[in-house]
Amino acid sequence: MTVTIKTDEQQRARHLAAMRHSAAHVLAAAMLDLMPDAKLAIGPAIDTGFYYDFDLPRTLTPEDLDALNRRMRRIIKQKQVFQHSTMPVDEAKSFFLERNQPYKVELIEDLEREASVAEVSLYQNGDFIDLCEGPHVANTGAVGAFKLLRTAGAYWRGDENRQQLQRVYGTAWETKDDLNAYLKFLEEAERRDHRRLGRELDLFSFSEDIGPGLVVWHAKGGHVRSTMEDYWRESHRAGGYEFIYTPHIGKASLWQTSGHLNWFSDNMYAPVEIDEQQYYLKPMNCPFHIQVYKSRTRSYRELPLRYTEAGTVYRYERSGVLHGLLRARGFTQDDAHLFCRPDQMDSELTRVLQFCLGILDTYGFKDLELELSTWERGETTKYAGEAQDWELAEAGLVKALDELDLSYKRMAGEAAFYGPKVDIKIVDVLGRPWQLSTIQFDFWLPQAFGLEYIGEDGSARRPFMIHRALYGSIERFFGILLEHYGGAFPVWLAPVQVVIIPIADRHNEYAQQVAATLSEAGVLVDVDTRSERMNAKIRDAQLQKVPYMAVVGDREIDDGAVNVRLRTGENCGALQVAEFSARVQDRAQSRSEAL
RNA sequence: GCCCAGGUAGCUCAGUCGGCAGAGCAGCGGUUUUGUAAACCGCAGGUUGUGGGUUCGAAUCCCACCCUGGGCUCCA
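Residues 1 to 595 (my numbering) make up the first sequence, in order.
Please keep in mind that the hints were generated in silico from the structure rather than gathered at the bench.
Every clue listed holds true.
Heads up, simulated DSSO-like pairs for lysine-lysine below, C-alpha to C-alpha not over 27 Å straight-line: (1) K366 <-> K409; (2) K409 <-> K382; (3) K77 <-> K184; (4) K251 <-> K294; (5) K79 <-> K176; (6) K545 <-> K366; (7) K366 <-> K184; (8) K545 <-> K220.
Please model the entire structure based on the sequences and the hints provided.
Okay, structure coming up:
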């Protein structure tokens, strides 16, 4: 799961970064050419190219991008040499001040203050001089293939209270072929966009009348979801979990105790008042699950307790961050809370981690990134719970990760104040990482709610509590899955598994008979009896990404067969109905990706 | 929330300078009865996101709001 980069690959990566960063300088030079009043902020290389942030006298238009593209090409043609030089800090400050570049002055002042540097590094190409650490390629001619993609808003230093700048994004590659391949990849990503597929495959939608960030599941999407939930239920039952159900709202005092009103209220919907009591829509399930635990005295004998619920939560998200199913305001967590004794912790962690990975594997997610977020030792005031608990929990997580031979990234200081955690992420087709599963210790809630169990010696003890979500959000998981498969769900998830395509009307009756047979066997089947040509029916089934198309005509009726075409385009020829039915059932039951 | 770009039929989009709101696909009706990715003909479909303003006249210009997209910030 970790990538070992060979030395020459590292060198190539460094060269690519230098090239992209050089492209950013060329962009800045072109911008000053176009708008001499432009104030420059920063222009780093990024994963697929580069950007540069500008403070400009007016808004950029698409035509400006074209003009910048042309000017950049001219600069590249001129093969201007990148010259490195240094300048004492004071001189550099007045240099950039004279040139009306306040952001550069601020950067120098920060360097002076934070790194106490005496002189700064500059790079010059043509007339353009920029504060820059480098490295760069030799001259602008070595910048390679690039394209400016879009403009966007960005804050100076990422701080929304500061000046908003205009960011120009570009992509840059060593060769024209690499560039074209990347542009093709972007097109493909657009085709696989879950929002687009959601509409085309009639899976879900959003309604202006309902509100932004609130998902409406259509029949087909609902079918996929319920299949996912069936699998969730089945696996959790086998995994020793117990199913609970809790309400959608709870009293203000509950959220006061849990601490959510203190540290999560920005993300909570405003309260509703009922009988002079304030109730909040739940942004998390934990306080409710805790109530189940607390409903009676617990004995050490009944631990571990594993409660799970597909609980729909609502969180206020700022309007600009909503993104289809991947970032919604209402979503369903497949939440579980594990309550265990200290001596059970290690085995519980290994068990829950293994459980998560097994299920993700079924969905075809093989490439995962694991992150272990830990506390900062000694900074005890920033964290709830006892130092020894933190150490124990971290050791338990490490042990579980090691036992399963998993590689992970250690994120020191990234833990929440209430406990360390392991997050499992996948990277989507656009290269964006999304968090799926999370396994989090919580030292705060058991303390806040005074959770206890009676130990062997009759004294009250505090249980460990672990939050665990596997899909994370069912909506998000579904969205990622949709993009992952490009809408072509494996048989077990497909909302329609088979479309029967009668060639002419006289074959409709036989088609219906076959459909009834398949349907009785539990296969999800449609018959396309429209008065269309077979080719049109195949095309439509193909576009709907139905796994199997079963063509029936005179020959098939004579043989009691169906002529099977897969959505891959492969033609399987005539199969006996029973044979075909068995094949579909086998693929569905094994949850295989094969057709 | 902020910056920018958008919102025209179910979908994708056109609509010039302010002068009768259009096309393709989907839908519906008919004709056709088809052998592995789009048959043909016809019909219907609109509060031009919503509300206000300017104007003889607004899809088009102005204002406010709603929603969507690209980012920033934040997160499952």
